[in-house]
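Novice: Chains as they are written, first to last, in the numbering used here: chain A, 249 to 580; chain B, 249 to 580; chain C, 249 to 580; chain D, 249 to 580.
Any given hint could be a false lead.
Copies of the same chain look alike in the list, so a pair counts if it works inside one copy or between any two.
DSS-like, lysine-lysine: derived pairs with alpha carbons at most 30 Å apart [claimed, not checked]: (1) 358 with 500; (2) 561 with 441; (3) 561 with 500; (4) 561 with 358; (5) 488 with 358.
Honestly, the hints are just simulated from the structure, not real lab data.
Next come the chains, spelled out residue by residue.
There are 4 protein chains.
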Amino acid sequence: MSRNTLSLDDIRGAWVIMPTPAREGADDPLARDTVDLDETARTVDALIQAGVDGIMSLGTLGECATLSWDEKQAFVGAAVEAARGRVPFFAGTTTLSTRETIEHTRAVRKLGADGTMLGLPMWCPPTLRMAVDFYRDVANACPETAICVYANAEAFRFDYPAAFWAQVAEIPQVICAKYLGIGTLLRDINASKRRIRFLPVNNDYYGAARMEPDFCTAFWSGGAVCGPELVTSLRDEVAKARGTGDWQRARKLSDAAAAASALFMPPGGFAEFARYNVGLEKARANAGGWMNAGPARRPYHELPTGLLEGAQKSGQRWAELAQQVRDGTFFA
Amino acid sequence: MSRNTLSLDDIRGAWVIMPTPAREGADDPLARDTVDLDETARTVDALIQAGVDGIMSLGTLGECATLSWDEKQAFVGAAVEAARGRVPFFAGTTTLSTRETIEHTRAVRKLGADGTMLGLPMWCPPTLRMAVDFYRDVANACPETAICVYANAEAFRFDYPAAFWAQVAEIPQVICAKYLGIGTLLRDINASKRRIRFLPVNNDYYGAARMEPDFCTAFWSGGAVCGPELVTSLRDEVAKARGTGDWQRARKLSDAAAAASALFMPPGGFAEFARYNVGLEKARANAGGWMNAGPARRPYHELPTGLLEGAQKSGQRWAELAQQVRDGTFFA
Amino acid sequence: MSRNTLSLDDIRGAWVIMPTPAREGADDPLARDTVDLDETARTVDALIQAGVDGIMSLGTLGECATLSWDEKQAFVGAAVEAARGRVPFFAGTTTLSTRETIEHTRAVRKLGADGTMLGLPMWCPPTLRMAVDFYRDVANACPETAICVYANAEAFRFDYPAAFWAQVAEIPQVICAKYLGIGTLLRDINASKRRIRFLPVNNDYYGAARMEPDFCTAFWSGGAVCGPELVTSLRDEVAKARGTGDWQRARKLSDAAAAASALFMPPGGFAEFARYNVGLEKARANAGGWMNAGPARRPYHELPTGLLEGAQKSGQRWAELAQQVRDGTFFA
Amino acid sequence: MSRNTLSLDDIRGAWVIMPTPAREGADDPLARDTVDLDETARTVDALIQAGVDGIMSLGTLGECATLSWDEKQAFVGAAVEAARGRVPFFAGTTTLSTRETIEHTRAVRKLGADGTMLGLPMWCPPTLRMAVDFYRDVANACPETAICVYANAEAFRFDYPAAFWAQVAEIPQVICAKYLGIGTLLRDINASKRRIRFLPVNNDYYGAARMEPDFCTAFWSGGAVCGPELVTSLRDEVAKARGTGDWQRARKLSDAAAAASALFMPPGGFAEFARYNVGLEKARANAGGWMNAGPARRPYHELPTGLLEGAQKSGQRWAELAQQVRDGTFFA
């Protein structure tokens, strides 16, 4: 497990943020050992065989909040073993405190994780200094572990100003960011002096790659577990377009995936999405038929019928598109 | 430790929410065993000797977020031992998940705590159903433990509508609420059919007691650790006023405590307070000179100079008022 | 029309905030002269005959936003003529700028209005200094006109801190406030040194009067146009209770009105209410059958069926309660 | 003044949003005729001679809120006369109501304006339907006037979802949008079926043009009144880059302007900017030395010293950059 510490250049291509597969009954308030370790191993292996470039886990949709520490360790162990070092694997170690995050980050590194997808402690909304100090404290205590800043303004109640990126870019372990939107992407690339790879979601990768073709070379996707070929194909079409200047096929793929994703956005927009985030993602994944994510753990077990149906349609649509990519009919 | 389960009538008088005393160096990211157990025991005993009616702990200012589980257990053990059953003791067991909260709630009950001051899991903003189910799940799993709903809209991103109180009032273990403001107090008392004792902060107790003299008979205070006589006196003056109809002395005490508290409110109002909450409370407690709360744990270690000074003035002013109460000069 | 300038002591009892009656077709984007002046005069007279103590107008529900300046003047003229100086009449003169508000305030004073119910310019969220300067500028330019601070944090994007009340209390013309909630009522009464009469909504009057029986002697009501006897009776029962100490009848009235009001609060709470405020109030008034408020003017013409039904039930329920008060069965 | 109605293809290149020049004393609450009409004419002519492609006015920084209707008409008359039809001129007609906006829009059309930069009525936060109906009502009543949707989520409390753009795109008069950010630009271009030209601010034009080189061919700038050559040069360098594929010079210009703009962003971010928006923009313009914007009108007259200095530095820096462009040293 003595892998090298990752650097900026290791972050490229299509990264998948995977759910933590749950066994039947995982939504019981007294359940234990809820992780489906077989499905974990199968999914990790299948993602890598499908050609994805990296895997992240244990964020919001990975149920970092609601898994026990024992379960997280079992999950990471199974995933790392299945990955066999073929692609980087990041395990989220977000907790409510600096000290607990350090402890968990050290432990997942020992289990073989390459990095952590790390959000801020969320009890109180942090200041700029608290936020930067947090990442620096973790980096100092875990020098060999790569850090992906999990930048979710809504969940962590922090707005990630340019000054934040300028300061965390000085921390060598901070090499990438799970990023939302591209509204401030160029600002933040400038602020970080290109020391941080900002990964937009697959829907935004087309725009990011056009704006910054040389630097924006990686993205994340949650929907990919409904069929990873959609994102590996997006990665490859964008790469071709960079050379040829013809972006039509990349745009077609991007728009198709965006249309599929729009199906699972609730009518109330992002504020409503934030409430049902976990359930929506798991319902989409299950409907995709490519992996079995199982039920959402408590207290995030509620999903109103209308939202459930949207998520299911979204997963099915994604699966259809992935099939079209697989059988060569998508661009036909 | 086989104490009876508390009921509504056990919640009366002046309740103190105490900080978790921290040893020197507790603000180090690698610190361990940071709880000052001697100061814990001393503070609990002194509060009870001063005549407070109950103690709550391990909320926001009690650093529930940033203490390790081992530290929390050590703290609860020391506090319970010092209390010797003389007053009820609540230990906060807020975590990011239903299952972990159940585990912690069972454990603190075994350690002798009477109840939990319990906030909602905060990663995603909960819906009404998620919130009610959470309290019901915990109550079902911990039938002997009293629950104080820790109602902080800002921290837990939930607005506690009347329907929430109507539904949690059906759960027998939910007997009180740590409540903020009195703007919806009568609405919520009605909604809960008087099955829940809503504890306003000491600043709001005067108003609450006048509005609902028969039912609003308890309150909480964080400032009380700068000198508990201010709140025991407030309790007693309000009790007298209920009988005599002369509320002047109660009002004078209430206004004096409010003026002292106003000194530690930052210029940016509650939004800014929420960022520096822990540090402000600990600085105030330390400046009061009545207990040693020690430093704030990471990541909440930052406190700008202006805010620190405000907190210190607030603690000193509170201590002066408590001294005036003690020596009988306050009403002179 | 040379009435004296009002002072604090003129603000007492039950104040009604009335809609601006609209003629059929007033919701047409090209409509002109949309005010039903006959219904205006009839309503004002009937309110006064029913015993209300003051009338406010041209706030949010009075469609200050969507009436033309010509229409506002016609409305104020008709209302003042109907009132014949029997009770004070306030006309809202909120606009987007200090200068236009001064012009309108001078004009409505010439038309005979005693005061203005005045909100802040709302294009940009104001600072404390901008807010205080605004009220001071208007007062300086209109020295004979009483000012009721229209304190709506949501509409005017200002949070009305204690410092605001302390500063506007120094302006002689600022004698009262249309106030929401009672969470900070005692704080603000203290801050203003009792120079401003804070009028809570009828639902909060019971609580306010108990907290501050000597000073909280006035309130506002929008629902009163579904049957004013509910609020005159509330005023009288509270007055009796102040003397006897028996608050049961006042509480019963207050709770009944609050239950009727709750029927028109949308499921989404205050945020949703704010969107449909005008339409909800007009639908409630129309369903009450006591006055004809007519349709809501554009762009606030939309009211989803579910919300319309709630508003109608609320108005009908209020009308039933008012009838019970009138015929003496309410307390039977 | 019988100009043709503009269409999508008329919206291209560098558009300037200009302040409304204020005479000395315009910040007095009793001031009248505050518009400096000579400076208005001089500025409009100078912008056109400098090569800008269109002019917008009477938005937030143009003090739509705080100018009287007489002043607005005088301003529009002077501006139209100075423009002599050489470039399109849009006059903001945002008010608090549909009917008043229709009246103003008709009037500015008669005065010769080509279009309106139009925000939503802002007293209540509008729903999707209210917002779409508003633009449709105005368009129906003013069929020859082009509409630029003034999309400012903070000021107008509306989040402009994809469904909004899909629906207003069906209104022929809606041909462009004053747009903030590029985070949802591709989504909204898709939703509107390319019937609406979205104008990002100059800082975002580089990114927008790279993402959508064929369609994103126009942008707006407020800073341009510190030296318009910076934006005409940006327009030209982007146009060249589209052909050559070499975007280095465009990026250098864009980054330099963004760095100058960053100087006038307050430490509190956009929330603080929104409070001081008018004063900041006018201070920047005045410091640029290219035009005389005069003082900010009430109630937006306050600008703390630190923010004033930032705005002045920003204006001076912009002016230096514009000088470097003029004298050919910028790319040297």
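Novice: Does each hint hold? Answer for all of them.
Specialist: Hint by hint, here is what the structure shows:
no., hint, in the structure
1, 358 with 500, "neither (42 Å within a copy, 45 Å between copies)"
2, 561 with 441, "between (41 Å within a copy, 24 Å between copies)"
3, 561 with 500, "within (20 Å within a copy, 45 Å between copies)"
4, 561 with 358, "neither (40 Å within a copy, 48 Å between copies)"
5, 488 with 358, "neither (38 Å within a copy, 53 Å between copies)"
Violated hints, in rising order: 1, 4, 5; the structure is consistent with all others.
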